Amino acid sequence: MKKVFTRPRSLKDIPTHYCPGCTHGIVHRLVAEVIDELEIFDRTIGVAPVGCSVFAYNYFDCDMFQASHGRAPAVATGIKRVLPDRVVFTYQGDGDLAAIGTGEIVHAAARGEKFTVIFINNAIYAMTGGQMAPTTLLGQKTTTTPYGRDKEVNGYPVKIAEMLSVLDGTAYAARVSVHDPAHVIKAKKAIKRAFEVQLANLGFSIVEVLSACPTNWGLPPAEALKWLAENMIPYYPLGEHKKPAEVG
Amino acid sequence: MAKILMKGNEAIGEGAVRAGCRYFFGYPITPQSELPHYLAKRLPEVGGVYLQSESETAAINMVYGAAGAGARVMTSSSGPGISLMQEGISYLAGAELPCVIVNMIRGGPGLGNIAPAQSDYFQATKGGGHGDYRVIVLAPASVQEIIDLMQVAFDLADRYRNPVMVAGDGILGQMMEPVELGEEKEIQIPPRPWAATGRMGGEKKLINSLYIVPEELEQHNLKLARKYALIAEREQRWEEYRLGGAKLVLVAFGTAARICKAVVDRCREEGLAVGLIRPITLWPFPQKAFEPVIGEAERFLVVEMNLGQMVEDVRLTVNGRRPVYFYGRCGGMLPVAADVVREVKKLYGGEGQ
Ligand SMILES: Cc1ncc(C[n+]2csc(CCOP(=O)(O)OP(=O)(O)O)c2C)c(N)n1
Ligand code: SF4
Numbered sequence: 001m002k003k004v005f006t007r008p009r010s011l012k013d014i015p016t017h018y019c020p021g022c023t024h025g026i027v028h029r030l031v032a033e034v035i036d037e038l039e040i041f042d043r044t045i046g047v048a049p050v051g052c053s054v055f056a057y058n059y060f061d062c063d064m065f066q067a068s069h070g071r072a073p074a075v076a077t078g079i080k081r082v083l084p085d086r087v088v089f090t091y092q093g094d095g096d097l098a099a100i101g102t103g104e105i106v107h108a109a110a111r112g113e114k115f116t117v118i119f120i121n122n123a124i125y126a127m128t129g130g131q132m133a134p135t136t137l138l139g140q141k142t143t144t145t146p147y148g149r150d151k152e153v154n155g156y157p158v159k160i161a162e163m164l165s166v167l168d169g170t171a172y173a174a175r176v177s178v179h180d181p182a183h184v185i186k187a188k189k190a191i192k193r194a195f196e197v198q199l200a201n202l203g204f205s206i207v208e209v210l211s212a213c214p215t216n217w218g219l220p221p222a223e224a225l226k227w228l229a230e231n232m233i234p235y236y237p238l239g240e241h242k243k244p245a246e247v248g
Numbered sequence: 001m002a003k004i005l006m007k008g009n010e011a012i013g014e015g016a017v018r019a020g021c022r023y024f025f026g027y028p029i030t031p032q033s034e035l036p037h038y039l040a041k042r043l044p045e046v047g048g049v050y051l052q053s054e055s056e057t058a059a060i061n062m063v064y065g066a067a068g069a070g071a072r073v074m075t076s077s078s079g080p081g082i083s084l085m086q087e088g089i090s091y092l093a094g095a096e097l098p099c100v101i102v103n104m105i106r107g108g109p110g111l112g113n114i115a116p117a118q119s120d121y122f123q124a125t126k127g128g129g130h131g132d133y134r135v136i137v138l139a140p141a142s143v144q145e146i147i148d149l150m151q152v153a154f155d156l157a158d159r160y161r162n163p164v165m166v167a168g169d170g171i172l173g174q175m176m177e178p179v180e181l182g183e184e185k186e187i188q189i190p191p192r193p194w195a196a197t198g199r200m201g202g203e204k205k206l207i208n209s210l211y212i213v214p215e216e217l218e219q220h221n222l223k224l225a226r227k228y229a230l231i232a233e234r235e236q237r238w239e240e241y242r243l244g245g246a247k248l249v250l251v252a253f254g255t256a257a258r259i260c261k262a263v264v265d266r267c268r269e270e271g272l273a274v275g276l277i278r279p280i281t282l283w284p285f286p287q288k289a290f291e292p293v294i295g296e297a298e299r300f301l302v303v304e305m306n307l308g309q310m311v312e313d314v315r316l317t318v319n320g321r322r323p324v325y326f327y328g329r330c331g332g333m334l335p336v337a338a339d340v341v342r343e344v345k346k347l348y349g350g351e352g353q
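Chains as they are written, first to last, in full-length UniProt numbering: chain A, 1 to 248; chain B, 1 to 353.
Bear in mind the hints are in silico, worked out from the structure with no lab data behind them.
Model, not experiment: these values are computed from the prediction.
All C-beta atoms, glycine included, are put in the ideal place defined by N, C-alpha and C.
Do not take every clue at face value.
Calculated lysine to aspartate or glutamate pairs in the DMTMM-like style (CA-CA distance at most 25 Å, straight line) [stated by the list, open to error]:
no. : chain 1 : residue 1 : chain 2 : residue 2
1   : A       : Lys-242   : A       : Glu-33
2   : B       : Lys-247   : A       : Asp-36
3   : B       : Lys-204   : A       : Glu-39
4   : B       : Lys-204   : A       : Glu-33
5   : B       : Lys-288   : B       : Asp-155
6   : B       : Lys-345   : B       : Glu-240
7   : A       : Lys-3     : A       : Asp-180
8   : B       : Lys-247   : B       : Asp-339
9   : B       : Lys-227   : B       : Glu-269
10  : B       : Lys-204   : A       : Asp-42
11  : B       : Lys-204   : A       : Asp-180
12  : B       : Lys-288   : B       : Glu-240
13  : B       : Lys-204   : A       : Glu-230
14  : B       : Lys-223   : B       : Glu-45
15  : B       : Lys-204   : A       : Asp-36
16  : B       : Lys-204   : B       : Glu-186
17  : B       : Lys-346   : B       : Glu-269
18  : A       : Lys-151   : A       : Asp-180
19  : A       : Lys-12    : B       : Glu-291
20  : A       : Lys-242   : A       : Glu-162
21  : A       : Lys-12    : B       : Glu-296
22  : B       : Lys-261   : B       : Glu-184
23  : B       : Lys-227   : B       : Glu-180
24  : B       : Lys-345   : B       : Glu-235
25  : A       : Lys-192   : A       : Glu-223
26  : A       : Lys-189   : A       : Glu-230
27  : B       : Lys-41    : B       : Glu-203
28  : A       : Lys-159   : B       : Glu-54
29  : B       : Lys-223   : B       : Glu-183
30  : B       : Lys-41    : B       : Glu-216
31  : B       : Lys-204   : A       : Glu-162
32  : A       : Lys-242   : B       : Glu-54
33  : A       : Lys-192   : A       : Glu-33
34  : B       : Lys-7     : B       : Glu-177
35  : B       : Lys-261   : B       : Glu-215
Estimated spans, in silico, between C-beta atoms of each pair [what the hints assert, rightly or not]:
no. : chain 1 : residue 1 : chain 2 : residue 2 : range
36  : B       : Glu-216   : A       : Pro-20    : 37 to 45 Å
37  : B       : Lys-185   : A       : Pro-237   : 43 to 51 Å
38  : B       : Ala-229   : A       : Ile-233   : 53 to 61 Å
39  : B       : Glu-216   : A       : Lys-186   : 34 to 42 Å
40  : A       : Lys-226   : B       : Ile-212   : 55 to 63 Å
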């Protein structure tokens, strides 16, 4: 019998610690499938963040680094400068990338560092108990915005894909979502392109993935996906915000 | 071989290149900037990479990435920049990665000033960052010694898979002295089977300092503690200067030790039995240097360019067996030899106690 669906080689066969309905798992799988399809597993090095996905290094079966909070782009810079023929990716949450690590991500992009960033935007600091993230929507309730995020107090949500796309060092910047199968397929395409951009040495590549956190949003998994589609997508438009001519 | 005139900061750069360092990540700060200037020119000549980071936080994390990927790598800074690097240094120590960090110490706290000081002794030797860890700290006192110690620094970092700090000050960085560079040797960097360089058909490697299970973190901490104990036993380094028969022993490192050598000479000329212990490793502190002299020495005088930091390690070492005194200047002011001589005369023979 022909096997049509199997676990990607790049992911270990172990249970993850993610909550039921968390989309971190889907994104892990997409990244792993892309690594398998591009046949780069043996020369890929991943950098895991601080946040819910801190244990990503246990699930990806390639060589991995664990970086301190927000610093994955600097760590990846060090790795890639030493090993320019390897494929390097970081996997970062929105607290990690858009708050404490803003400096590192902006300058890695500006330098055109040739690695790929998988950026999980779940509009919240999940691991530390559901606090406001820079990406938290206006009006969204979190443990540190109990009355809803107020622009007068906390300012506006940060649109990372758009922000980084204006930098000349950024070769590819896309925003995708994983709230339904059709979008999951599109998300995988974008992730694959981002890796291809790296393989072609074109510059910095980032895919922002709108992701659900049912636990900290206080919603059942299915409703969390619905909330994502209805509230996040209007504020965070999907699409390829920047792409080099070569990858069409 | 002919001697050439070299500036301290540039000597660090040349010493590093000769020790096989090919990667430098850093952010400008006075009084160490001639070092990055030098390496920006020199590293591309030897096929290396010089990269100016956007901050010290980024620099030390680039070092983390490069070290974990198997490179001989270095960064440098001064006071405020080293403070920003402390998070990364803690991670490097936790993940057991070798690297060299240069601190050309300036006056603090806060923005302080750019004048030479030794006020980062606590920060260098007592951790600085979070958690139970140690960093090997080397303190050269001349431009020649800088050249020689850079090789030692990279070798120690590799041998123990641990960050090594080279601590100097603005004077040492800025002054020019004749140095002998010696033959340029082909450096064999020891194999790094633990480095995460992509599996390339091999086992998976992980560079990490996270141990979420308390039992596992305790085991990791205890393993590190055994390593630190081994370093403390094996790697104490110091210089002795005219210690024979000394009744009063000066203790000073780096620039302060150079001044103290002049003090020792003057005192000896006047018939006072004064000698000097100059710690070269600030951590591990060279406790072994004290045991042979403690019988004869009646008292110790610690001279520092701060308000009294290393004096605590001397007190711990002497452990109440002899009185330990302190003289220091801070804020970029130097202990002048005449003032130290006056201090010695006050203490020598027990007067002024
Ligand atoms: C220097 C530092 N500050 C704070 C923390 C605590 N911390 C751990 S995870 C986290 C938030 C992570 O949020 P995000 O990056 O959005 O990831 P998520 O948990 O949502 O996946 C914070 C603040 C830390 N580990 N280190
Ligand atoms: S807390 Fe949220 S982001 Fe974290 S694992 Fe659970 S669902 Fe996922």
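Under the criterion that the straight-line Cα-Cα distance not exceed 25 Å, is the pair B/Lys-41, B/Glu-216 satisfied? 45 Å, violated
Pair hint B/Lys-227 and B/Glu-269, alpha-carbon separation not exceeding 25 Å: 44 Å, violated
What's the verdict on B/Lys-204 and A/Glu-162, does the C-alpha distance respect the 25 Å limit or exceed it? Violated. B/Lys-204 to A/Glu-162 sits at ~35 Å, over the 25 Å cutoff.
Could you check the hint for me, namely that A/Lys-226 and B/Ile-212 are 55 to 63 Å apart, CB to CB? 33 Å, violated
Restraint status (C-alpha distance of B/Lys-41 to B/Glu-203 at most 25 Å): Status violated; Cα separation ~38 Å.
Satisfaction of hint between B/Glu-54 and A/Lys-242, Cα-Cα up to 25 Å: 24 Å, holds
For the pair we were handed, B/Lys-204 and A/Asp-42, check the Cα-Cα distance against 25 Å. 9 Å, holds
Starting from A/Lys-192, check that the Cα of A/Glu-223 is at most 25 Å away, please. With Cα atoms ~28 Å apart, A/Lys-192 and A/Glu-223 exceed 25 Å; violated.
Run the distance test for B/Lys-346 versus B/Glu-269: straight-line Cα separation, threshold 25 Å. Holds, because 17 Å separates the two Cα atoms, which is no more than 25 Å.
Compare the distance between the alpha carbons of A/Lys-242 and A/Glu-162 with 25 Å, and conclude whether the hinted pair is satisfied. The given pair, whose Cα atoms are some 8 Å apart, holds under the 25 Å limit.
Restraint status (C-alpha distance of B/Lys-227 to B/Glu-180 at most 25 Å): 34 Å, violated
Are B/Lys-7 and B/Glu-177 close enough, with their CA atoms no more than 25 Å apart? 7 Å, holds
Hints 2, 9, 11, 13, 14, 16, 18, 19, 21, 22, 23, 24, 25, 27, 29, 30, 31, 35, 36, 37, 40, counting from the list given before, are not met by this structure.
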